[in-house]
Structures are given as structure tokens and as C-alpha cells.
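Using the sequences plus the hints, can you model the full thing?
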Amino acid sequence: MFERILLPTDGTESMDAVVETAADIAVQRDAEVHVLYVIDDRAFLTLQDEMKTEVVAELEGEGEAAVDRAATRLREAGIDVTTAIREGDPAEQILGYSDEVSVDLITMGTRRGDYTNNLMGSVSQKVVARADIPVLTTNLAVEE
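Per the numbering used here, the very first residue in the sequence shown carries number 17; after that it's consecutive.
Please note that a few of the clues may not be correct.
With a straight-line cut-off of 20 Å between C-alpha atoms, the simulated EDC-like cross-links for lysine to aspartate or glutamate are [what the hints assert, rightly or not]:
| hint | residue 1 | residue 2 |
| --- | --- | --- |
| 1 | Lys142 | Glu116 |
| 2 | Lys142 | Glu103 |
| 3 | Lys142 | Glu76 |
Label-pair ranges, simulated between beta-carbon atoms [claimed, not checked]:
| hint | residue 1 | residue 2 | range |
| --- | --- | --- | --- |
| 4 | Ser118 | Asp40 | 16 to 26 Å |
| 5 | Ile149 | Asp65 | 34 to 44 Å |
| 6 | Thr98 | Thr62 | 25 to 35 Å |
| 7 | Val43 | Gln64 | 20 to 30 Å |
| 8 | Met17 | Leu63 | 23 to 33 Å |
| 9 | Asp65 | Asp148 | 34 to 44 Å |
| 10 | Ser118 | Gly27 | 20 to 30 Å |
| 11 | Asn155 | Ala93 | 27 to 37 Å |
To be clear, the hints were calculated from the coordinates, so they are not data collected in a lab.
Just so it is clear, CB atoms sit at the ideal spot from N, CA and C, and this is done for glycine as well.
So, in C-alpha cells, the structure goes:
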């Protein structure tokens, strides 16, 4: 049933629980895992081109570290892994990538906590509401 799993990551240590969940499912199903990091460019769309280039370059470095961290753990479990970094609205990019590579399951983290942090809707809420495939969310520790 699950042959391709998408694991969006933000690179935080709290994502370890989601990586473990994806690894467990992938090992049981002999599935491959796609690890995706999305650079949320909405916050700096109004920056001048030179400054935007610097910000994106720094965030790409963070993205590489994030996908490498998750991919290393998955590969240690014997799982085939593909990594990708995208730029744009995180929910849109996650949904678009899942369609492009025909994933069967999205497994991602969600943070419970102060409702004011989610007034606009969290990425995981948007993905769950709009995905045409199963989305498995794992509650993450709230980082303060």
C-alpha cells in the first residue's frame, strides 16, 4: 500500500519522532522515503534581490542540513531515500511534490501549543485538509 512516503522536515530535533515513524513504516512496507525541506519565501518577497539571494543561500544551507539529518537516519535503517529542497509556500510545495513523485503517504509533524501560534493555520493543517492521500501527523514537543 505505501511504496513512497513523503517526509517534510524543518530540521529541528523534535522532527526525530517523525523520522522514526516514517522509518518504521518504510521498513515494514519496503518503501522509499522522500525527505523535503521547503524554504518559506513568503516572509522576504519584498526584499531587494541581493538581500533575498543572501537569505535564500543561508536557508538552503539549513535545508541541506535538515534533509541530510533525516536521510542519514533513514539510510541507517536500510531505506532508500531521495532528498529535495523547494522554495515557496510550504503547504503548496509539499502537496505539489507529493503529486510529482506520486507518494502514497505524507508523514509530518505538528505542534500543539498556544493557539495564537496557529491563527493563520499550520502547514500540517493545510496539508491534511487538501491532500488526496493519507497524511499521518505526529505531535511534536513544543519548543519555547
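Hints and how they fare:
1. As the CA atoms of Lys142 and Glu116 are separated by approximately 18 Å, the hinted pair is consistent with the 20 Å bound.
2. Under the criterion of a C-alpha separation no larger than 20 Å, the hint pairing Lys142 with Glu103 is consistent with the structure, at around 17 Å.
3. For the suggested pair Lys142 and Glu76, the alpha carbons sit about 23 Å apart, so the restraint of at most 20 Å is broken.
4. Checked against the given bound of 16 to 26 Å, the beta carbons of Ser118 and Asp40, roughly 22 Å apart, stay inside it.
5. Between Ile149 and Asp65 the CB atoms are about 37 Å apart, so this pair conforms to the stated range of 34 to 44 Å.
6. Between Thr98 and Thr62 the beta carbons are some 33 Å apart, a value that agrees with the proposed interval 25 to 35 Å.
7. A hinted range of 20 to 30 Å for the beta carbons of Val43 and Gln64 is inconsistent with their spacing of about 47 Å.
8. Against the hinted window of 23 to 33 Å, the Cβ-Cβ separation of Met17 and Leu63 comes to about 44 Å, which falls outside the hint.
9. Checking the proposed 34 to 44 Å range against Asp65 and Asp148 shows it holds: the Cβ atoms sit about 36 Å from each other.
10. At about 25 Å, the CB distance of Ser118 to Gly27 agrees with the hint of 20 to 30 Å.
11. For the hinted restraint 27 to 37 Å between Asn155 and Ala93, the CB-CB distance of approximately 22 Å leaves it violated.
Violation of the numbered hints given earlier is confined to hints 3, 7, 8 and 11; the remaining hints are satisfied by the structure.
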